[in-house]
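> Sequences and hints are given; from them, build the entire structure.
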Amino acid sequence: MGSIVLRQVEKVFGDVTVIPPIDLEIADGEFAVFVGPSGCGKSTLLRLIAGLEDATAGTISIDGRDATDLAPAKRGLSMVFQSYALYPHMSVRSNIAFPLKMAGLAQADIDAKVKAAAETLNLGDYLDRKPKQLSGGQRQRVAIGRAIVREPSAFLFDEPLSNLDAALRVQMRLEISQLHQKLKTTMVYVTHDQVEAMTMADKIVVLNKGRIEQVGSPLELYRRPANRFVAGFIGSPKMNFVGGAIAAAHGAATIGIRPENLAVSRDAGDWLGTIVVAEHLGSDTFLHIATDAAGTLTIRVSGEVPVHHGDRVFVTPDASALHRFDDKGIAIR
Amino acid sequence: MSTQHSRAAARLLVAPSVVLLFLWMIVPLALTVWFSFERFNLLMPATREWIGLTNYRFFLTDPAFFAAILNTLLIVVGVLAITIVGGILLALLLDRPMFGQGIVRLLVIAPFFVMPTVSALVWKNMFMNPVNGLLAWLQKAVGMAPHDWLATTPLFAVIVIVAWQWLPFATLILLTALQSLDEEQREAAELDGAGAIARFRFIVLPHLSRAITVVILIQTIFLLSVFAEILVTTNGGPGTDSTNIAFLVYAQALLQFDVGGASAGGIVAVVLANIVAFFLMRMIGRTLEG
Ligand SMILES: Nc1ncnc2c1ncn2[C@@H]1O[C@H](COP(=O)(O)OP(=O)(O)O)[C@@H](O)[C@H]1O
Ligand SMILES: [Mg+2]
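Going line by line, the protein sequences match chains A and B. Per the numbering used here, residue 1 is the first one in the first sequence, and the count goes up by one each step. Per the numbering used here, residue 1 is the first one in the second sequence, and the count goes up by one each step.
Simulated from the structure, these hints should not be mistaken for laboratory data. Since we're looking at a predicted model, the values are computed, not measured. Among the hints, a few may not be true.
Unchecked claim - If the Cβ cut is set under 8 Å, some of the chain B residues that face chain A in the computed set are:
#1 SER180
#2 ASP182
#3 GLU184
#4 ALA188
#5 LEU191
#6 ALA194
Note that the Cβ used here is the ideal one computed from N, Cα and C, for glycine as well.
Written out as structure tokens, the structure reads:
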């Protein structure tokens with residue numbers, strides 16, 4: 001139904017290559033997340049799929065059909081924009097009904113579909129309001145409602161949660177995941193937030209300067225990052241990188257150690273250091289320790305540990321959980 | 001925010017300007033009302049006397065008066081129709097990226113800077129003149145008899161001239177409104193399957209409704225009192241074919257030297273303008289609220 005395949009797709013604006021030729025496959029029913037720092041070309045890639053930008057080169061097929069030169073409306077995709085892009089002068093009902101009206105459906109069918117979408121999204125009480133009279137989360141739901149009534153072969157989301165506050169973001173994240181499980185439709189989701197990517201995705205596509213750094217499931221990327229960029233981008237707090245003699249001893253230019261793979265002890269260990277900051281979260285404690293040998297490291301300890309700013313402690317990495325990178329930043333396996 | 005105290009202070013502080021504005025308006029109005037009840041002809045200044053409603057009776061029963069009301073409305077409606085439809089089309093064109101955009105926009109706005117008398121004369125002598133005019137020349141070039149605009153369709157000629165002057169204003173306001181339309185809304189509509197015409201009808205036009213209202217309001221105020229264009233082209237004629245209220249009042253006062261009658265006409269014009277303003281404000285209130 002909703003598979004998306006990009007072959008050697010390239011996008012050039014003027015003389016700036018935003019997307020160098022890339023290949024990418026998104027299977028039917030998959031929840032794919034494009035993640036990367038701001039300005040890396042995530043939106044551009046999504047807009048290429050949507051047809052809002054023309055590919056400079058390459059082919060895009062949707063559903064097995066070549067869609068490279070197809071008009072956006074003909075691709076059978078729905079998009080939820082970062083600004084929601086609701087039609088301000090129309091009621092919630094008319095907003096959701098708009099794509100159906102454009103498709104020329106009978107009024108009775110339109111009403112039934114709008115009602116069903118409103119129920120799915122808990123919008124029943126707001127159908128006669130204008131977008132202006134809704135909260136951010138409700139507007140978000142209307143935008144999603146407008147996307148689902150068309151029963152597209154895939155949904156495209158461009159940073160849909162970035163205008164919401166933190167609590168609402170967590171809730172909407174959950175709702176979108178549930179929606180995906182219910183509809184089982186392909187979703188392509190763009191975000192700069194790796195937590196959203198990790199929590200929602202079946203498949204994460206990590207982008208950097210338009211290039212695809214790695215594609216894989218969240219845990220694959222977490223456990224076996226292909227390079228330093230992915231290793232540093234995925235995971236929170238960030239992976240620690242140590243170079244110099246310590247890395248050389250492991251036969252690498254740089255080694256990476258995740259914060260949870262470092263142990264802290266008062267008595268003995270590999271690297272002695274001073275605690276710069278201790279963040280006590282209750283469930284976890286994050287320690288920032290300036291070690292004499294390995295620079296400043298971030299360490300994550302489960303539960304409470306009775307240490308404070310200024311304490312001298314030993315840090316020991318878990319040798320089995322090291323990530324090794326060569327001088328180009330590529331993982332050595 | 002507004003305690004009893006601060007409200008009183010606010011009233012006190014705005015009082016001087018309110019009083020000044022009020023006097024500015026009420027003194028001429030009161031004098032005009034006063035004159036409108038007098039026999040007051042500049043040719044016989046000695047015979048001023050109170051004659052009650054006679055001036056009004058003469059003015060309102062004058063066949064020229066009804067022609068003038070109709071002409072006034074036709075000018076307002078005609079010019080509004082041309083400038084809004086034309087303004088939207090021009091704004092849509094100018095909104096597209098094109099070569100020499102800055103210069104083209106400047107050219108489109110230029111007519112607004114030409115004085116009404118000048119532009120009316122240019123139209124009269126260079127375009128609409130049946131012998132030397134460009135339009136006549138074009139007609140002759142395709143073998144048609146030249147059309148004498150000012151003699152056979154004087155009101156339409158005036159409407160065309162005035163519309164030409166106001167088109168830049170409408171275009172400018174509508175263009176800025178068009179540019180404030182969120183690009184993502186347009187794209188969302190495109191993805192929703194709306195073609196160019198549906199996008200215009202359901203997304204662009206509603207977005208422009210406020211700007212259109214503003215254009216209607218501002219232009220109506222000025223179009224009710226079109227004068228210079230009539231004076232230098234048709235002089236209200238032939239007969240009263242292109243006489244509007246403003247021109248009729250002028251003709252009464254300065255061609256017939258009848259200050260009393262002209263004042264009565266002026267008061268009638270004020271009443272009419274207020275009726276129009278009342279409906280306009282209601283319409284605007286509705287659009288600007290939503
Ligand atoms: N229409 C455009 N013209 C020129 N450059 C553009 C255009 N759209 C995007 N870009 C450039 O492409 C790069 C990627 O943009 P974008 O895809 O929006 O990034 P992201 O969504 O990952 O933050 C940016 O450097 C941006 O300046
Ligand atoms: Mg973006």
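> Should the interface hint for LEU191 of chain B be scored as holding, given a Cβ-Cβ cut-off of 8 Å against chain A?
OK, holds: LEU191 of chain B within 8 Å of chain A, min 5 Å.
> Holds or violated: is there a CB of chain A closer than 8 Å to the CB of ALA194 of chain B?
holds, 5 Å
> Return the status of the interface hint for ALA188 of chain B: holds when the least beta-carbon distance to chain A is below 8 Å, violated otherwise.
holds, 4 Å
> Per the CB criterion, is SER180 of chain B less than 8 Å away from chain A?
Cβ of SER180 of chain B sits 12 Å from chain A, so the hint is violated.
> Under 8 Å is the threshold here; is the Cβ of GLU184 of chain B close enough to any Cβ of chain A for the hint to stand?
Holds: closest Cβ of chain A sits about 4 Å from GLU184 of chain B, inside 8 Å.
> At a threshold of 8 Å, is the proposed contact between ASP182 of chain B and chain A supported by beta-carbon distances?
Since chain A brings a Cβ to about 7 Å from ASP182 of chain B, closer than 8 Å, the hint holds.
Checked against the numbered hints given earlier, the structure breaks only hint 1 and satisfies all the rest.
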